[in-house]
Amino acid sequence: MRYLVSVIDDKSNPGSTDRQPAISAFNERLIAEGYWVFAGGLADTDAATVVDNRGEQAVFTDGPFVESKEYLAGVWVWEAPDLDVALKLATEASKICDRKIEVRPFL
Numbered sequence: 001m002r003y004l005v006s007v008i009d010d011k012s013n014p015g016s017t018d019r020q021p022a023i024s025a026f027n028e029r030l031i032a033e034g035y036w037v038f039a040g041g042l043a044d045t046d047a048a049t050v051v052d053n054r055g056e057q058a059v060f061t062d063g064p065f066v067e068s069k070e071y072l073a074g075v076w077v078w079e080a081p082d083l084d085v086a087l088k089l090a091t092e093a094s095k096i097c098d099r100k101i102e103v104r105p106f107l
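Heads up, the sequence shown is in the UniProt record's numbering, so the first residue is 1 and it goes up one at a time.
Rather than coming from a laboratory, the hints here were simulated on the basis of the structure.
All values derive from a computational prediction rather than experimental measurement.
Hints may contain errors.
Unchecked claim - Beta-carbon label-pair distances, calculated as ranges:
| hint | residue 1 | residue 2 | range |
| --- | --- | --- | --- |
| 1 | 107 | 54 | 21 to 31 Å |
| 2 | 27 | 55 | 37 to 47 Å |
| 3 | 92 | 68 | 36 to 46 Å |
Claimed, not checked - Below are the EDC-like pairs computed for lysine to aspartate or glutamate, each with C-alpha atoms no more than 20 Å apart in a straight line:
| hint | residue 1 | residue 2 |
| --- | --- | --- |
| 4 | 11 | 102 |
| 5 | 11 | 84 |
| 6 | 11 | 44 |
| 7 | 95 | 70 |
| 8 | 95 | 84 |
| 9 | 69 | 102 |
| 10 | 100 | 70 |
All C-beta atoms, glycine included, are put in the ideal place defined by N, C-alpha and C.
Please take these sequences and the hints and turn them into a complete structure.
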């Protein structure tokens, strides 16, 4: 089963910025143990563009879709045998990243 693992940061109480070496080591372990599918950090929400093409003409809006103190800072996609394993890894990831983690299975 594949899981989308979202890293949630908080503008009013951001996580530590010195976590990259620990995150890299965690990623290497995910790769070695066969859980890694993909990962990537995201630019700040100020760099976002929302595209809405549901009407007559596409509308492009600068900035995030919603204004919120919490935002998506990065993602992993993991392959894990079940939700329990994904949640165990997410518990480690939260500590390593110093941020909240959301785990959602793909359909």
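Consistency of the hints with the structure:
| no. | hint | in the structure |
| --- | --- | --- |
| 1 | 107 / 54: 21 to 31 Å | holds, 23 Å |
| 2 | 27 / 55: 37 to 47 Å | holds, 41 Å |
| 3 | 92 / 68: 36 to 46 Å | violated, 26 Å |
| 4 | 11 / 102 | holds, 17 Å |
| 5 | 11 / 84 | violated, 30 Å |
| 6 | 11 / 44 | holds, 10 Å |
| 7 | 95 / 70 | holds, 17 Å |
| 8 | 95 / 84 | holds, 17 Å |
| 9 | 69 / 102 | holds, 16 Å |
| 10 | 100 / 70 | holds, 10 Å |
Checked against the numbered hints given earlier, this structure breaks hints 3, 5; the rest are met.
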